[in-house]
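Visitor: The chain contents come next:
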Amino acid sequence: MAYPDGTVALRDVSLKIDDGEFVFIVGASGAGKTTLTKLLLCEERVSSGILEVNSFHLEKMRSFRIPYLRRTMGVVFQDFRLFPNKTVYENVAFPMQVIGESGKRIRNTVTYFLDQVGLGDKAGSFPHQLSGGEQQRVAFVRAMVNNPKLIIADEPTGSIDNDLRDGLMDMLLQANRSGKKTVIVVTHDTDLLYRYRKRTIQLHKGRLVSDQIGFEGYAIPANGGENA
Amino acid sequence: MKFFRSLGRHISQGFKSIHRNKVMTTVSIIILVSCMLILGTFYLVITNIEENFNSIDHLNIIEVRIRNTCTPEEVEKIGESLTAICRNSPIITEDPVYVSSEEHLKRFHELYNDQTWSAFFTGELNPLRASYQITFTNFSDITEVVSIVSKIEDIELDGGSKAISAGDISSCIDVYRNVMSIKRTLYTVGIALMVILILFSLFVIGNTIKLGITARKDEIMFMRYCGATKHFIRAPFIVEGIIIGLLSALIALGLEYLLYVYALSGIVRSSSVAITGGEIAISPFSAHLPILAAAFVIMGLFAGIIACAVSLKKYLKV
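Quick mapping for you: the protein sequence lines, in order, are chains A and B.
For the record, in the first sequence the residue sitting at position 213 is 213 according to this note's numbering, with numbers rising by one throughout.
So this note's numbering is basically just the index in the second sequence, starting at one, shifted up by 1000.
Okay, chain A solo, but in the shape it has when bound (with noise of 0.2 angstroms):
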């Protein structure tokens, strides 16, 4: 994939995730992990090849359909980037309006999750008022709210202490095992990887270098990864 300036971000990658798979993808920085993420997103497109998620072929997708393609994402972000202005209701509710439910539906299924996380009872407060904790079950609640059958967790530890990072695997866990989802976590946090022995992809200067069940240090080639 490369960039209208001729930066190439990624070459040669080639790889398949299965439905319900939870992998982690990491690397340096500037490894490719975040274009990675943004042509899973179809904020960016391939300039050649083939790309297809969730049955979408995104290397001739037309641009009309990009939404129909994210309705089937939830994303977490790393800062959580709950809207300030917004009761913890409003923001759970905040992606069903956007793509048109009913008010019914949005109060059943908004209703449904804070209890399920056990934030019931703070539906009408605002993210200040909140514990990091709470903060973070807002977010994952969020990006769960429109069903969705791929959760991608852009460096979802990155801001954060060890208890809420359990935390917050604990719920990506729960939602790959119960629910059935996909979960794509993007990170360069070594210690989760350690900690949680999962599929885990490595790229190291725009090149797939490593693809295997659990994590054993980074590969970085001798020659950097020019000729992986």
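Please keep in mind that the hints were generated in silico from the structure rather than gathered at the bench.
Possibly wrong hints are sitting among the right ones.
[Said to hold, decoys possible] A few chain B residues facing chain A, derived, Cβ under 10 angstroms:
id, residue
1, R1009
2, Y1098
3, S1101
4, E1219
5, M1221
6, M1223
7, R1224
8, C1226
9, A1228
10, T1229
11, K1230
[Claimed, not checked] Once the Cα atoms are required to be at most 25 angstroms apart in a straight line, the calculated DSS-like pairs of lysine-lysine come out as:
id, chain 1, residue 1, chain 2, residue 2
12, A, K16, A, K205
13, A, K86, B, K1210
14, A, K38, B, K1313
15, A, K38, B, K1317
16, A, K60, B, K1317
Even for Gly, the Cβ is constructed at its ideal location relative to N, Cα and C.
Please arrange chain B on chain A, whose structure you already have, making use of the hints.
Guide: Chain B in isolation, oriented as in the chain A frame:
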């Protein structure tokens, strides 16, 4: 159903955005209202001038006055000569019409019935003379009409002389030309001012929308990730532009009414008296309301939607 849900949300978001950027929205509305007021005022002034010119067109009549000493046979002979001339002229539309001195006196009393001095002029003291009225197409043809009619001997044209003085005619034409020149100037100045203000209002509304986009940057980004369509993201801004446009049209219409009723009519009336030396008809505001309302709404929608579209294209990458 989904459409109406989305529409309700867009309208609510549009109003929220207006509330959020109330200072810029107010500035946008003020500029757009000024623009509309200029358009409306120039339209009303020009329309009133034109309407009064139409009544001047009704005065596209010259009177061929007949000496009191003329016998009925002489009067008839003059009538026949005038008819022959009028029928040969392309600029004279109708046959001459005879108006007796009694008829002139009757019209005089009708015109000045509120003046006590008019009562002195009665049947025996009637200073008015019988005349033939000659109607022609354009007021500007008056010189030619006078020169045609003057060929007839034994008549007097206005004032007892053989012909109307050149000065009288040219002063009439001068008034006509002056008013036409004022009208053209008003058109030019009005259109120029309006174009400048429309461009300025497009710029300000565009910036208001830009501020709205900036304020909602995170929300827009998240909406995209949630699967919001382009239209869904853009619609609240378009609604905001439409609200600004419609609100401006409404305010401008109200202000235009006040301006017309309390100020413009007074100014037009006094200046018209100065120009024509007589009363001038000011049409009621209600006569112009449909056109003004339509013009303001179209202008408001045009400015709101265009500015919004340009701003969205420039600043909102969906």
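Visitor: None of the hints should be skipped; say for each whether it holds.
Guide: Each hint, compared with the structure:
1. Because the beta carbon of R1009/B sits about 6 angstroms from the nearest beta carbon in chain A, less than 10 angstroms, this interface hint is met.
2. For Y1098/B, the shortest C-beta to C-beta distance to chain A is roughly 79 angstroms, which exceeds 10 angstroms, and the interface hint is violated.
3. A cut of 10 angstroms between beta carbons decides the hint on S1101/B: the least distance to chain A is about 84 angstroms, and the hint is violated.
4. Among the interface hints, the one on E1219/B holds; its C-beta lies about 6 angstroms from the nearest C-beta in chain A, closer than the 10 angstroms criterion.
5. Checking M1221/B against chain A by beta carbon gives a least distance of about 8 angstroms; that is within 10 angstroms, so the hint holds.
6. The interface hint given for M1223/B holds, since its Cβ lies 5 angstroms from the closest Cβ of chain A, which is under the 10 angstroms cut-off.
7. The interface hint given for R1224/B is met, as the beta carbon of that residue sits about 7 angstroms from the closest beta carbon of chain A, less than 10 angstroms.
8. Annotation: interface hint on C1226/B holds; nearest CB of chain A at approximately 4 angstroms, less than 10 angstroms.
9. Satisfaction of the interface hint for A1228/B is found here, the shortest Cβ-Cβ separation to chain A being roughly 4 angstroms, below the 10 angstroms cut-off.
10. Because the beta carbon of T1229/B sits about 5 angstroms from the nearest beta carbon in chain A, less than 10 angstroms, this interface hint is met.
11. Annotation: interface hint on K1230/B holds; nearest CB of chain A at approximately 8 angstroms, less than 10 angstroms.
12. Note on K16/A and K205/A: the hinted pairing holds, with a Cα-Cα distance of about 20 angstroms set against a maximum of 25 angstroms.
13. Simply put, K86/A and K1210/B have alpha-carbon atoms about 22 angstroms apart, close enough for the 25 angstroms limit, and the pair holds.
14. Taking the CA atoms of K38/A and K1313/B, the gap is about 22 angstroms. The hint holds against a cut of 25 angstroms.
15. Restraint check for K38/A and K1317/B: satisfied, since their Cα atoms lie roughly 15 angstroms apart, inside the 25 angstroms limit.
16. A C-alpha spacing of about 20 angstroms is found between K60/A and K1317/B, which places the hinted pair at or below 25 angstroms, so the restraint holds.
Violation of the numbered hints given earlier is confined to hints 2, 3; the remaining hints are satisfied by the structure.
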